[in-house]
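Put chain B on the given structure of chain A with help from the hints.
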Amino acid sequence: MAACIELSGVSIDFPLYHGNARSLKKRLVASVSGRMTADARHRIVVKAVRDVSFSLAPGDRLGLIGRNGAGKTTLLRALAGIYEPVAGKLRVVGSINALLDPNLGMNLDLTGRENIVLRGQYNRLDRAAIARLADDVAEFADLGDFLDLPMRVYSSGMLVRLGFGLATAIKPQVLLMDEWLLAGDANFLDKARARLEDLVRGAEILVLSSHLPEVIRDWCTRVIWLDQGRVRADGPAEAVLAEYLGAD
Amino acid sequence: MSNVQPTEDGGNLVLAFDSDQSHAKRRRLAIADVAEAAGLWRLCWTLAWLDIRLRYRGSILGPLWLTLSTGLMVAAMGAIYSTILHIPAHDYVPYLALSLVLWNFLSVLVTDSCYAYTLAEGMIRTMRMPYSLYAARIVVRNVLVLAHNIVVVIAVDLVLWRWPGPVAVLALPAMVLWLADALAVAVLLGALCARFRDIPPIATSVLQMAFMVSAVIFRPELLGDQRWLLAFNPFFTVLDVLRAPLMGEVPGWDSYVSAVCFSTVLCLAAWALFVRVRGRIAFWV
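So the sequence lines, in the order shown, correspond to chains A and B. The first sequence begins at 29 in the numbering used here and counts up one residue at a time. The second sequence begins at 221 in the numbering used here and counts up one residue at a time.
A hint or two may mislead.
Across the chosen pairs, the derived CB separations fall in these ranges [as the list claims (entries may be wrong)]: (1) B:V371 with A:D79: 56 to 64 Å; (2) B:L288 with A:R229: 50 to 58 Å; (3) A:D79 with B:W473: 55 to 63 Å.
When the alpha-carbon atoms are kept at most 20 Å apart in a straight line, the in silico SDA-like pairs for lysine to any residue are as follows [stated by the list, open to error]: (4) B:K245 with A:G109; (5) A:K117 with A:K219; (6) A:K117 with B:A400; (7) A:K219 with A:V243; (8) A:K117 with B:R496; (9) A:K117 with B:K245.
These stretches of chain A come out as covered by chain B in the derived footprint (C-beta under 8 Å, 3 or more residues) [stated by the list, open to error]: (10) 72-82; (11) 102-110; (12) 145-159.
Keep in mind that the hints were calculated from the coordinates and are not lab data. Ideal placement from N, C-alpha and C gives every residue a C-beta, glycine not left out.
Next comes chain A alone, as it looks inside the complex:
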């Protein structure tokens, strides 16, 4: 089954229930004017993503660019099936791997190996595939005996290597990435770069979110510029990036 992503008129609202909604309102209205409104039941909602439509086919490499708070990560989470849209339709076909957070649900009290097994189970791998996953990550991360020690005792370099190795080990049809994976120190290693390229090449569709134009230019062919939750521009990477840089 070929992968595809289709969105039509997708909107995502965040209701603000907790904390003091009144003072929060005052504080936020100034900064994101027009994006916070009260809904029919007088709840304060942030309109994180508004009326976004696009479709992607195998071979597409989409970059989402925009300032902090433009709705990039929220949109990625919706594509990953985490947030269900309040309006519009969303359809994603194909196995998904969403690399949204460097910790990826890792628990520092567990050993490296336990975290690998857990990750494998999250991804619905069977026993044999988990064994292969552990071998693959262990070889890349090169932790030696540390693999069986709690991750709390790892150096920061070891944490990055294990996290990166694990994130890049499972090859999906649809790859959703936040920029952290590309901005890390691991990227400077040749073998890390090769591994990342292997992962991206293996995916039929890539959606990458970043506020750094150079990262997007390196990896993407098509760019959507998100501004205050709306699509401000959509087209070939160079054209949209030029427009984005020109606006600042």
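Below, chain B without anything else, positioned relative to chain A:
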């Protein structure tokens, strides 16, 4: 290089949401959620077991502390209350041990359920997992704790050399009822507490009150003429249908009727809420 592929039956091969959702569509999504969680039973088991192991990591006795502390509690309370209530210790201690272990399961389950989703916030926001999995994790974790605590009950029975007899078979349907209720409580409280943060303290105080009035540490017969009132206390009747067979007694029909009615209402409420709010939980945590 890397050659690991997500499996074909991963369940997330097609992801489709349509915001204009009829009730039937929501129900289908909820059923799919439960089915997916059932397929992830191995993950659920791992998570529950790791929860317990992590709590006791570095301690010498590990999860055996659960057994030991329950044993101490039973010994201390058994000594005091058999005197206060004028019941011979060899009659009272087995009853107390069983009651405390079962009540402990119930009350920890309720308090844990309040945080079923809020404590899993990081996981919920990083990957798509069926929401019923988080509820099942709480239930499995507490069943594992119960398995540690039940050792105390067995030890007491061994020492006093007393067995419930064939009537204990009646405990089997009661266990099924308990499991269904436990899942319902985890789903219901998990979702409600994610949305309304005032509920956990309310749940705690209700539990404290229920512990006192639900014939946990005293025998229901002590209520004399007022005993019929207990049939209206779901905490008591649900406890009774499991506890009585394990004590070698047949629960009263009033306990059965009340426990089954209450459980049905609980499960239906949990399911209705789950169907309605499943897609919103990610926004609440």
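query = Is the hinted pair K117 of chain A and K245 of chain B satisfied, with a Cα-Cα distance of at most 20 Å?
reply = With a Cα-Cα distance of about 14 Å, the restraint between K117 of chain A and K245 of chain B holds, given a limit of 20 Å.
key: Consistency of beta-carbon spacing, W473 of chain B to D79 of chain A, with hint 55 to 63 Å   = Between D79 of chain A and W473 of chain B, where Cβ atoms are some 60 Å apart, the hint holds.
ask   = Quick one, are K219 of chain A and V243 of chain A close enough, alpha carbons at most 20 Å?
value = holds (18 Å)
Per-stretch coverage check for the segment 102-110 of chain A, three Cβ contacts closer than 8 Å to chain B = holds (count 4)
message = Against the 20 Å threshold, does the CA-CA distance of K117 of chain A and K219 of chain A hold or violate the hint?
response = violated (40 Å)
message = Range first: 56 to 64 Å. Now tell me if the beta carbons of V371 of chain B and D79 of chain A are that far apart.
response = Holds - the Cβ-Cβ distance for V371 of chain B and D79 of chain A, about 59 Å, lies within 56 to 64 Å.
key: Distance restraint hint 50 to 58 Å, applied to the beta-carbon atoms of L288 of chain B and R229 of chain A   = Holds, since L288 of chain B and R229 of chain A (Cβ atoms, about 56 Å apart) stay within the stated range.
message = Need the status of pair K245 of chain B, G109 of chain A: alpha-carbon distance at most 20 Å?
response = Distance ~16 Å between K245 of chain B and G109 of chain A Cα, so the pair holds.
query = When you check the alpha-carbon spacing of K117 of chain A and A400 of chain B, does it fall within 20 Å?
reply = Status violated; Cα separation ~35 Å.
query = Given the proposed pairing of K117 of chain A with R496 of chain B, does the C-alpha separation stay at or below 20 Å?
reply = holds (19 Å)
query = Three or more residues of the segment 72-82 of chain A near chain B by CB distance under 8 Å?
reply = As far as the segment 72-82 of chain A goes, the hint is violated, because 0 residues have Cβ atoms under 8 Å from chain B.
query = According to a criterion of three or more residues whose C-beta lies within less than 8 Å of a C-beta of chain B, is the segment 145-159 of chain A covered?
reply = holds (count 10)
When the structure is compared with the earlier hints, violations turn up for hints 5, 6 and 10 and for no others.
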